[in-house]
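J.: Count the sequence shown with numbering that gives the first Met the number 0 and you get residues 0 to 190, in order.
Quick caveat, the hints were computed from the structure, so don't treat them as lab data.
C-beta atoms are modelled at their ideal positions from N, C-alpha and C, and glycine is treated no differently.
A few of these clues could be false.
Quick list of the computed label-pair ranges, beta carbon to beta carbon [claimed, not checked]: (1) Lys48 <-> Asp118: 23 to 29 angstroms; (2) Asp28 <-> Asp85: 37 to 43 angstroms; (3) Asp122 <-> Met0: 48 to 54 angstroms; (4) Thr31 <-> Asp102: 45 to 51 angstroms; (5) Leu9 <-> Glu97: 33 to 39 angstroms; (6) Asp102 <-> Gly42: 28 to 34 angstroms; (7) Arg6 <-> Arg135: 33 to 39 angstroms; (8) Met99 <-> Met0: 49 to 55 angstroms; (9) Lys2 <-> Asp102: 45 to 51 angstroms.
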Amino acid sequence: MLKWLIRNRLAAFEREFGYDVSYVRHLLDVDTRAFLRFARIAGFSAYRKDVPREVYHAVKVVGAVAEDCGPCTQLCVTMALKDKVDPRVLATVLAGTEAMMPDDVRLGVRFARAVLAHDAAADDARAEIVERWGERALVSLAFALTSARFYPTLKYALGHGKACQRVVVGEETIAPVRRPHTTATPTTLRA
Numbered sequence: 000m001l002k003w004l005i006r007n008r009l010a011a012f013e014r015e016f017g018y019d020v021s022y023v024r025h026l027l028d029v030d031t032r033a034f035l036r037f038a039r040i041a042g043f044s045a046y047r048k049d050v051p052r053e054v055y056h057a058v059k060v061v062g063a064v065a066e067d068c069g070p071c072t073q074l075c076v077t078m079a080l081k082d083k084v085d086p087r088v089l090a091t092v093l094a095g096t097e098a099m100m101p102d103d104v105r106l107g108v109r110f111a112r113a114v115l116a117h118d119a120a121a122d123d124a125r126a127e128i129v130e131r132w133g134e135r136a137l138v139s140l141a142f143a144l145t146s147a148r149f150y151p152t153l154k155y156a157l158g159h160g161k162a163c164q165r166v167v168v169g170e171e172t173i174a175p176v177r178r179p180h181t182t183a184t185p186t187t188l189r190a
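Work the whole structure out from these sequences, hints included.
T.: Here's what the structure looks like:
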């Protein structure tokens, strides 16, 4: 009975977001307890307090693109659009055109990229985030970035990962710009 209910919820999620949840069904088939532990992550990944929705979703998109999972990136974009994030903002995040991003979004994107690169620039961005929106906003963005990376990693580990090629944002199809996990410039990398 429990598996039947879970399968119905998964099918509803799949229909709502146009997202293949085969890897989640795989977990459920292998071990219901493993699935139930996995399901707890949903609350973690949905936590959002005191941070503008555009910034929150931009950080999630940066995390998904960094993990090179096209379906996960598309899901992040679809969820952002459902949350009424401007498609043009999402397009700038996917294209990596920081100059075109609203200031708040640019801060979130720079923070996410610096965190992914383990770059000291994250410290300044973190301080600015706390100054603008508070500690709960920082926790929200930390959870957003972490959860955006968790799902692709799990999918690839289970053999269900698919690389990013094109993401649909409203009426536009975009090839995401995937940056290496560094914010160093080429001149910095030379010995």
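J.: Evaluate each hint against the coordinates.
T.: Structure-based check of all given hints:
1. Hint check: Lys48 to Asp118, Cβ distance near 25 angstroms, so the stated range 23 to 29 angstroms holds.
2. Checked against the given bound of 37 to 43 angstroms, the beta carbons of Asp28 and Asp85, roughly 39 angstroms apart, stay inside it.
3. For the pair Asp122 and Met0, the supplied restraint of 48 to 54 angstroms holds, since their beta-carbon distance comes to about 51 angstroms.
4. For the pair Thr31 and Asp102, the supplied restraint of 45 to 51 angstroms holds, since their beta-carbon distance comes to about 46 angstroms.
5. About 37 angstroms separates the C-beta atoms of Leu9 and Glu97, a value consistent with the hinted range of 33 to 39 angstroms.
6. Range check, Asp102 to Gly42: Cβ separation about 30 angstroms, and the 28 to 34 angstroms hint holds.
7. Taking the beta carbon of each, Arg6 and Arg135 are about 35 angstroms apart, inside 33 to 39 angstroms as hinted.
8. Distance hint check for Met99 and Met0: the Cβ-Cβ separation is about 51 angstroms, which falls inside the suggested range of 49 to 55 angstroms.
9. About 47 angstroms separates the C-beta atoms of Lys2 and Asp102, a value consistent with the hinted range of 45 to 51 angstroms.
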